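2 protein chains.
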Amino acid sequence: MKIGFIGTGIMGSGMIHNLLAADYTVNVFNRTKKHADSVIKQGAIWQESVAELTKNSDVIISIVGFPKDVEEVYFSDEGILTNSHAGQTVIDMTTSSPILANRIALEAETVGVTSLDAPVSGGDVGAQQGTLTIMVGGDKDIYQKMQPVFNAMGSSINRFGEAGMGQHAKMANQIMIAGTMTGMIESLVYADKVGLDKASVIDMTSGGAAQNWSMDNYGPRVLKGDYQPGFMAKHFLKDLRIVLTVANDLNLELPGTTVAEQLYDKMVQNPEWADLGTQGLIKLYESQNDKKGTNH
Amino acid sequence: MKIGFIGTGIMGSGMIHNLLAADYTVNVFNRTKKHADSVIKQGAIWQESVAELTKNSDVIISIVGFPKDVEEVYFSDEGILTNSHAGQTVIDMTTSSPILANRIALEAETVGVTSLDAPVSGGDVGAQQGTLTIMVGGDKDIYQKMQPVFNAMGSSINRFGEAGMGQHAKMANQIMIAGTMTGMIESLVYADKVGLDKASVIDMTSGGAAQNWSMDNYGPRVLKGDYQPGFMAKHFLKDLRIVLTVANDLNLELPGTTVAEQLYDKMVQNPEWADLGTQGLIKLYESQNDKKGTNH
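Which chain is which? The protein sequence lines are X and H, in order. Per our numbering, the very first residue in the first sequence carries number 1; after that it's consecutive. Per our numbering, the very first residue in the second sequence carries number 1; after that it's consecutive.
One or more of the hints may lead you astray.
Copies of the same chain look alike in the list, so a pair counts if it fits in one copy or across any two.
As the list claims (entries may be wrong) - Straight line, CA to CA, 30 Å or less: simulated BS3-like cross-link-like pairs of lysine-lysine:
#1 Lys266 x Lys140
#2 Lys224 x Lys2
#3 Lys140 x Lys193
#4 Lys224 x Lys145
#5 Lys55 x Lys266
#6 Lys193 x Lys283
#7 Lys145 x Lys34
#8 Lys224 x Lys68
#9 Lys145 x Lys198
#10 Lys140 x Lys41
In short, the hints are calculated from the structure, not lab data. In this text the structure is predicted, and so the values were computed from the model without any measurement.
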């Protein structure tokens, strides 16, 4: 089975590494070729375009940036579905819109191509170590057929339903993280302002009802002033926007997630903060706080 | 050492049980006497008033409902500080205002009484089992002197600074929980609306970056329709109001916590929901959702 892999960013490179380690033939394409150098050295085969990659592969996997990138990769003249042939399978692993996942599934079907949506979590470390969580939507038989491919990249793989449900599961996950991130940042900002020792606050929360992964992992980084991305704020903002678009279509109000989206939007608008990790949100709070001065 | 204990609710009763088990003499008072019956059977000695209890005790501990109850217990004519004598120690373990904790400390000092603020977390189970987390503010020597008393009731005991800092630590904890609770409820509401299996969503979040105690513990209860309090929504609302009062005094904006306070305020205004646990917040979302109908 020849796999075509589109997107050799931090996530894609780790995933390709593990597909090669599982003895798959992997064709690769990336908008910026030099970002594919490391996987080419490992044995991946460079393709000059998405169209060429599509023609030379049985299963085509994409993990790109934003929904507009997904649209281009699938639907443009040079795109996957314009150049695919019956019997192929496409798997979009970008965290993207459930509606777009449905559209890919429908248009794929018309050309005899099967499809899955399969966004991931677990970050660059999970991608490198093959321990990603993979949330799959789409036909059950195709999901089962693709299990060996997923197993090469992830350690927790679940199907949540038909096309789009993998993306929906990822969104439910991101809504939860919106809560833990705003909670941890506001807790640390409050602690700082009232003169609590923040390390003690992080210790305290880790043992009780306030315990959460975000505080356990990002709390200590914030303390060290380490704002490098585990997960980039601008990508999280993209996810929250997808959530709110879906929620709006369903007449569903999510006030907590809405506030998180507004905060990350303000943060990402500042060019100095746009490329920071999600824990960098504390800089927005600190700057608003500085502007107003304190009466502490 | 004779301990006077004011407040024999669910929390107080468990704590008194453990003080008796550690061989302390415990005088008790409660606004509603029958709620003290069980600890009296265990050996606690009933007192007819706060004033009488104060006169007969060396260390006076209070754990009552709201800041106004704390004020009454400490400052009324029949209250602790009006009837205390030099050399006594008072410990307010109610989750209450840091400003009020400071006022108690100052007024206690003028009558030669030492004081600590020492709110707890860990719920009724922690109170019964003597495994509470206790967050202490106040003088270091008094804190050390009271260690055996705290050890009888808790398993994780930390001092966060001078008077009021125990309450501030508890507030930092509650801000974190505001995030995990709104996140988990919105995640489950979204999951339900888009047709995801909620049990699968709870499983998924438990293994990754979205992991948190609230989802792990309250998620399964929500699935079973179990809204009985681990922690009562109206008490959580009280805590969030204290947070926002402090934040407002400090010119500190906490948009996530503000939204959580607004949501719990709406929930608690409904008499059917006022006595539910914090996970009952999902009923507010479901009712708003029902009213608007769906286009799902």
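_Within, between, both or neither: Lys224, Lys145 at alpha-carbon 30 Å_ = neither (45 Å within a copy, 34 Å between copies)
If the cut is 30 Å between Cα atoms, do Lys145 and Lys198 qualify within a copy, between copies, both or neither?
Between copies only: 26 Å across chains, 49 Å inside a chain, cut-off 30 Å.
| Within a copy, between copies, both or neither: where do Lys140 and Lys193 come within 30 Å Cα-Cα? | between (52 Å within a copy, 22 Å between copies)
(message) At most 30 Å between alpha carbons: which applies to Lys266 and Lys140, within, between, both or neither?
(response) neither (41 Å within a copy, 42 Å between copies)
With identical chains treated as interchangeable, where does the CA-CA distance between Lys224 and Lys2 reach 30 Å or less: within a copy, between copies, both, or neither? neither (45 Å within a copy, 46 Å between copies)
Check your understanding: Under a CA distance limit of 30 Å, which applies to Lys140 and Lys41: within one copy, between copies, both, or neither?
Key -> neither (35 Å within a copy, 62 Å between copies)
Lys55 and Lys266: within-copy, between-copy, both or neither at 30 Å Cα: neither (43 Å within a copy, 57 Å between copies)
Discussion item. With identical chains, the pair Lys145 and Lys34 could be close in the same copy or across copies; at 30 Å between alpha carbons, which is it: within, between, both, or neither?
Written reply: Neither, since 33 Å and 66 Å both go past 30 Å.
As a check of your reading, is Lys224 near Lys68 (CA-CA no more than 30 Å) within one copy, between copies, both or neither? neither (36 Å within a copy, 40 Å between copies)
Copy assignment of Lys193 with Lys283, given that the CA separation must stay at most 30 Å
within (14 Å within a copy, 34 Å between copies)
Checked against the numbered hints given earlier, the structure breaks hints 1, 2, 4, 5, 7, 8, 10 and satisfies all the rest.
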